[in-house]
Amino acid sequence: MPRVTFIEPGGGRREIDAQAGISLMENARQHGVRGILAQCGGACACATCHVYVRPDWLERLSPKEEMEEAMLETAWEAKPNSRLSCQIEVTASLDGLEVTVPAQQR
Amino acid sequence: MRVVRLEGRDRVEGVVCADGSTIAADRVVVGVGATAVTDIAADAGLAVDNGIVVDEHCRTSDPSIFAAGDCTNHPSPHYRRRVRLESVDNAFEQAKTAALNLLGRQTVHDRIPWFWSDQFDNKLLIVGLSQDYDTQVLRGDPATRSFSVCYLKGRELMALESVNHLKDYISARKLIADRVSMDLDKLRKIDVPLKEAV
Chain A
0 MPRVTFIEPG GGRREIDAQA GISLMENARQ HGVRGILAQC GGACACATCH
50 VYVRPDWLER LSPKEEMEEA MLETAWEAKP NSRLSCQIEV TASLDGLEVT
100 VPAQQR
Chain B
0 MRVVRLEGRD RVEGVVCADG STIAADRVVV GVGATAVTDI AADAGLAVDN
50 GIVVDEHCRT SDPSIFAAGD CTNHPSPHYR RRVRLESVDN AFEQAKTAAL
100 NLLGRQTVHD RIPWFWSDQF DNKLLIVGLS QDYDTQVLRG DPATRSFSVC
150 YLKGRELMAL ESVNHLKDYI SARKLIADRV SMDLDKLRKI DVPLKEAV
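Those sequence lines, one after another, are chains A and B.
When the letters of the first sequence are read in order and numbered with numbering that gives the first Met the number 0, they come out as residues 0 to 105.
When the letters of the second sequence are read in order and numbered with numbering that gives the first Met the number 0, they come out as residues 0 to 197.
Some hints here could point you the wrong way.
What the hints assert, rightly or not - Not everything, but these chain A residues come out facing chain B in the computed CB check (under 10 Å):
#1 36
#2 38
#3 42
#4 43
#5 44
#6 45
#7 47
#8 65
#9 69
#10 70
#11 72
#12 75
#13 105
What the hints contain is simulated information worked out from the structure, not anything from laboratory work.
Every residue, glycine too, gets a C-beta built ideally from N, C-alpha and C.
Please model the entire structure based on the sequences and the hints provided.
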């Protein structure tokens, strides 16, 4: 199981054994990671599962599609390393991934 | 006419009505809506009128009781009228407003409603409320499966419905909130980005 770390709002580290084949957002929800709202349930329609990916991991993720890119414009304080966690599918190769959850989702 | 049941072998073929008649059908669209369950509020003596009546702070007619979500009839400061919304965003955001006010932090619930639905491989995104408009403008060709419908009152954008056109939807959120005056001629041209059709 890939081990993934979320840095929650407030700075707490949450390491989880992530399930491959489902999204990073779904993994976060299953483990009750704080600050991931995911209002739309993973439809790439709301930008409330926004995370900052640790920069050295960015290139190792599948690239953003146009839809995600556009939706990120509505995210709270989007940065170059912003991603929507519902659009990142967890695979074994993501072992060690670290993302930071923003202080708020909007 | 009340519908009793749908019938067909491998797929729907007819809609059977209460009077025994059958209407032949290839497709059936079910649009039943929802009813707010307000019994508990009514029993408690709270004001109920198409939902539990709350103010902009989510406070009911009893100042020590708050309500949030689909069941509330609440003021929309932006649209200057009362609304009852069946929407995930409203449930999240009104709950947040209610919690803040319960903690003594005076907060007003004032949001532009938005809705989404994935219809097979089509992404439907709606922002704003389209009940109160005088002009409707189509952007793009529905045959391309990427288009938007704008609802305006005068030149003010009240709502926008988009099918597979995320950019219009994203621009509309801000244009509606800021009450930007739109240019109708530019608006009709899908090639002109929505945010520049002002």
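(request) Any hints from earlier that this structure breaks? Give me their numbers in increasing order, please. (result) As far as the earlier hints go, only 12 is violated by this structure.
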